[in-house]
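Using the sequences plus the hints, can you model the full thing?
Those protein sequence lines, which keep their order, are chains B and F.
Heads up: the first sequence at position 375 corresponds to 375 in my numbering, and the numbers run straight through without jumps.
In my numbering, each number is its position in the second sequence, counted from 1, plus 376.
Just so you know, the hints here were simulated from the structure itself, not pulled from any lab data.
Okay, the calculated bits of chain F under chain B, using three or more residues with CB under 8 Å as the criterion:
1) 594-607
2) 614-622
Covered by chain B, per the in silico footprint, the following chain F stretches (three or more residues, Cβ under 8 Å):
3) 379-385
4) 709-716
Don't be surprised by glycine CBs; every beta carbon is placed ideally from N, CA and C.
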Amino acid sequence: VDFADSPEEQAFRLRLRDWLEGHNPGLPPSSTSDEYWAGQAAWHRTLYEAGFFGLSWPTEAGGHGRPSVYEVILDEELTAAGAPPRPSVGYLVQGLLRHGSPEVQRRFLPGLVSGRERWCQGFSEPDAGSDLAALRTRAERQGDEYVITGHKVWTSYSDAADWCLVLARTDPEVPKHRGISAFVVPMDQPGIEQRPLPMINGITREFGEVLFDEARVDAANMVGQPGEGWRLAMTVVSHEREPGELGYVARYGKLANELVRLVGEQPHLVGAEQRRDLAWALIEVEMLRCHVSRRLSERLDGIAHGPEGSVDKLLMTWTEQSVGHAALGIGGVAPPEGEDALLKAYLYSRAQSVMGGTSQIQRNLVATRILELPTA
Amino acid sequence: VDVRLSEEQTALRDSAAAVVDSLGPRTVADLEDAGRTAQLDRAATESGWRELRAPTEDGGPLASAVEVAVVAEELGRGLADTAFVGPTLAAELRRLGGAPACEGYETVVLSADLSELARAPGGVVAAGSVVPDAAGARRALVLLPSADGDVVAALTLSGVGPGVDLTRSLGSWQGTGQVTTVPGVAGALGPDDRTRVHALGLALSSADLVGTMRGAITLATGYARDRRQYGAPIGSFQAVQHLLADAFVEMEGSHSITLHAAWAVDALAPAEALRAASAAKAYCARAARSVCETAIQVHGGIGNTWECLAHVFLRRALVSGQLLGGVGENLDRVMAAHGVVAGPRGGAGGLR
Numbered sequence: 001v002d003f004a005d006s007p008e009e010q011a012f013r014l015r016l017r018d019w020l021e022g023h024n025p026g027l028p029p030s031s032t033s034d035e036y037w038a039g040q041a042a043w044h045r046t047l048y049e050a051g052f053f054g055l056s057w058p059t060e061a062g063g064h065g066r067p068s069v070y071e072v073i074l075d076e077e078l079t080a081a082g083a084p085p086r087p088s089v090g091y092l093v094q095g096l097l098r099h100g101s102p103e104v105q106r107r108f109l110p111g112l113v114s115g116r117e118r119w120c121q122g123f124s125e126p127d128a129g130s131d132l133a134a135l136r137t138r139a140e141r142q143g144d145e146y147v148i149t150g151h152k153v154w155t156s157y158s159d160a161a162d163w164c165l166v167l168a169r170t171d172p173e174v175p176k177h178r179g180i181s182a183f184v185v186p187m188d189q190p191g192i193e194q195r196p197l198p199m200i201n202g203i204t205r206e207f208g209e210v211l212f213d214e215a216r217v218d219a220a221n222m223v224g225q226p227g228e229g230w231r232l233a234m235t236v237v238s239h240e241r242e243p244g245e246l247g248y249v250a251r252y253g254k255l256a257n258e259l260v261r262l263v264g265e266q267p268h269l270v271g272a273e274q275r276r277d278l279a280w281a282l283i284e285v286e287m288l289r290c291h292v293s294r295r296l297s298e299r300l301d302g303i304a305h306g307p308e309g310s311v312d313k314l315l316m317t318w319t320e321q322s323v324g325h326a327a328l329g330i331g332g333v334a335p336p337e338g339e340d341a342l343l344k345a346y347l348y349s350r351a352q353s354v355m356g357g358t359s360q361i362q363r364n365l366v367a368t369r370i371l372e373l374p375t376a
Numbered sequence: 377v378d379v380r381l382s383e384e385q386t387a388l389r390d391s392a393a394a395v396v397d398s399l400g401p402r403t404v405a406d407l408e409d410a411g412r413t414a415q416l417d418r419a420a421t422e423s424g425w426r427e428l429r430a431p432t433e434d435g436g437p438l439a440s441a442v443e444v445a446v447v448a449e450e451l452g453r454g455l456a457d458t459a460f461v462g463p464t465l466a467a468e469l470r471r472l473g474g475a476p477a478c479e480g481y482e483t484v485v486l487s488a489d490l491s492e493l494a495r496a497p498g499g500v501v502a503a504g505s506v507v508p509d510a511a512g513a514r515r516a517l518v519l520l521p522s523a524d525g526d527v528v529a530a531l532t533l534s535g536v537g538p539g540v541d542l543t544r545s546l547g548s549w550q551g552t553g554q555v556t557t558v559p560g561v562a563g564a565l566g567p568d569d570r571t572r573v574h575a576l577g578l579a580l581s582s583a584d585l586v587g588t589m590r591g592a593i594t595l596a597t598g599y600a601r602d603r604r605q606y607g608a609p610i611g612s613f614q615a616v617q618h619l620l621a622d623a624f625v626e627m628e629g630s631h632s633i634t635l636h637a638a639w640a641v642d643a644l645a646p647a648e649a650l651r652a653a654s655a656a657k658a659y660c661a662r663a664a665r666s667v668c669e670t671a672i673q674v675h676g677g678i679g680n681t682w683e684c685l686a687h688v689f690l691r692r693a694l695v696s697g698q699l700l701g702g703v704g705e706n707l708d709r710v711m712a713a714h715g716v717v718a719g720p721r722g723g724a725g726g727l728r
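Have a look at this one:
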C-alpha cells in the first residue's frame with residue numbers, strides 16, 4: 001500500500017503542476033453555466049495537446065499508455081490548481097476499446113481522445129429509461145448503410161456533437177437484449193434534429209434530445225457485431241459509473257476548495273450547520289479520492305468490467321450531493337444576480353443520482369450481483 | 377501510487393482471518409466460552425499482532441500502520457474478543473517514549489470520553505479515565521508531562537468495568553491508585569509523537585470499524601437469503617436489498633479512506649497524518665453505526681434479541697466509534713486543518 005509517487009510519477013506531477021500554472025483557463029464550477037461548457041471543449045484540446053489527457057489509454061487510441069494510477073495524479077493536480085476537471089469521455093473510449101473492430105478504433109478513437117471530434121451518447125429514450133433494453137429506435141439495413149428512426153433523450157452535449165453513439169434495434173424478432181446494435185452516427189445530416197433541454201439550474205448547453213428520421217449511417221460504423229449493442233452499452237454504462245474514468249474527483253475537489261476559501265474570507269457569516277456540511281463535503285471528497293486510488297491501483301493488472309462500478313457510482317453520487325448541500329448552505333438561496341454558481345452547482349447535483357443509471361438501479365445491482373441476494 | 381496490499385500484507389490478512397474464523401465467537405453464547413477465548417488469546421499472543429508497533433533496532437516500528445489496520449479489520453470482522461487496540465497503542469508509546477517492554481501485555485489510559493490518550497500532570501490521572509482492553513493487561517501506560525516532554529508512566533490496574541462492548545473490556549479508573557515511573561525509560565514524547573500516536577489510534581479504530589461493518593453485512597446478508605416471508609426470501613425484496621446495498625457501499629467507502637489513513641500514519645508529516653486519520657474516523661464512525669443498525673433491522677424481531685449477533689457488532693462499533701474521538705471531534709479537526717474556524721453565528725443562512 002503506497003499512496004506516494006514513484007520517482008517517475010513525481011517527475012510527471014511536477015511537470016504537470018508547472019504547466020497548469022500557465023494554462024488554467026479559470027472556468028466557473030462545472031455545469032453551472034453555458035460559459036463552462038463552451039470553455040470545456042477548448043480545455044479538452046489544450047490538455048490533450050500538452051500531453052496530459054488520455055494518460056492511461058493505449059497509444060494507438062491517442063493515449064499515453066501510462067499506468068492507470070497516473071489519472072489520480074492528474075485529478076489531484078487539477079484540483080490543487082483549481083483547473084477544470086479532465087473531459088469525461090473515458091466510458092466511450094472503454095466501450096470502443098472493448099467492442100470496436102480495429103478499423104472502428106483506428107477511425108474514431110484518436111478524434112475522440114484528442115477532442116478534435118465531439119461525441120454524444122444516444123441510449124435513453126422517452127419509454128426506455130432504467131429499462132434501457134426496451135428501446136424502440138430502429139436501424140434497418142439498406143445496401144451499405146443503416147437507416148435509423150427514433151427518439152433519444154437526456155443526450156448530453158448533443159448540441160456540439162459530431163458523432164452520436166446510438167443504440168438501435170436491428171432485430172425485432174429476438175429477445176429485447178439480443179436485438180440491439182450500436183452505431184457511430186454522424187450528427188450533421190438532414191435526418192437528425194437535436195433540441196436542447198434546459199436543466200433545472202438553467203444551463204442549456206448540456207442536456208438535449210435527438211430525433212432520428214431516416215438518418216443514415218455507414219454499415220462500417222457499427223461497433224461490434226449485429227446484436228452486440230447491449231453488451232457494448234453495459235461496458236459503457238459500467239465505466240460511466242466510475243469516478244476514476246470520469247475524473248470527477250477534480251470536479252468535487254475544486255468546488256469544495258472554493259467553499260473553504262469563501263468561508264475563510266467571511267467566517268463570521270457562516271454558521272455551525274454550514275461548517276458541518278462543509279466538513280462532511282471535504283471528507284467525502286477525500287474518501288472518493290482514496291477510493292479512486294484504490295480502484296485505479298486494482299487496474300494495474302488490467303481492467304475488469306464488473307459490477308463494482310455500481311459501488312463507485314453511489315459513492316460518487318453521495319459525494320457530489322454532499323458537496324452540493326455544502327454549496328447550498330454557504331451560497332444561500334438568494335444570491336445576487338450573476339453570483340449564483342453555488343446554487344446552480346447544488347441544483348445540478350440532483351442529476352447525479354439519476355444519470356448513468358439511477359441510484360435505485362445501482363442498489364439493485366449491488367444487492368444482486370455483489371451481495372448475491374436472490375432476485376424477485 | 378499503488379495502494380494494493382503487498383503479498384506479505386495479504387498473507388497477514390489471511391492468517392488473521394484464519395485465526396478469527398476458527399477461534400472467534402460464532403454465537404452470542406460463544407462469548408461465555410472461557411476455553412475458546414483462552415485459545416484465541418493464545419493465538420493472538422503467538423501471532424505477534426500486539427507487537428507490530430514495537431521497535432526494531434533502528435527505533436522504527438516492526439510493521440507499518442497498514443499491517444496494524446489489516447489485522448484490526450479482521451479482528452473487527454470476526455468480533456475477536458481479544459486485546460489489540462490497547463496493546464498496540466501501548467507498544468507505540470513504549471517505542472516513542474523509549475520504555476522497555478514488560479511481561480504480558482500492556483494497554484493505555486484514555487480520557488473519560490475515550491477521545492484522547494490520558495495525561496497525568498503531577499502524577500494524577502483524572503478519575504473516570506478509561507482503560508481499553510483492561511482485562512488481562514499487566515499495566516496501563518499514561519503520559520506524565522515533564523520539562524522534556526511526556527514521559528511514559530504506568531498505572532497498575534485493579535477493577536475492570538463491562539462497558540457496552542461485549543467483545544472487549546473497558547476499565548474505569550477510579551483514581552485510587554498511583555502512577556509509577558516505568559523503570560528504564562530513556563526518553564520522552566514530543567508533540568509530534570503524540571500527534572502520530574493519535575493518528576495511529578484513529579486509523580486503527582477506523583479499520584476495526586471497517587471489519588465490524590463487513591462482519592455485520594455478511595451476517596445480515598446471510599439472514600436475508602434464508603429468511604422467507606410472503607413465500608420468498610426477504611433478500612429478494614428491493615426494500616431489504618437497498619438497505620444492504622447502502623450498507624455495503626458505506627463499508628467500501630470506509631475501507632478506501634481508512635487504507636489511506638493507515639498509510640499516512642507512517643508516510644506523512646504528523647499533522648497531515650492526523651488530518652487523514654480524522655477524516656477516516658469521522659467517515660467510518662458515522663457509517664458503522666448506520667450499517668450495524670441496518671444489520672439489526674434486516675433481522676427483524678430476532679435482531680432485537682440478545683441471542684442474535686447483530687447487536688454485538690453494533691456494540692463493538694459504538695465503542696470503536698468513540699476510541700480516540702468520534703464524529704464530532706474529528707469533524708472539528710478536519711475543519712481546523714482546512715483553516716475554517718468556528719464563527720459566532722448559528723443556524724441556516726449563507727454568505728449572502
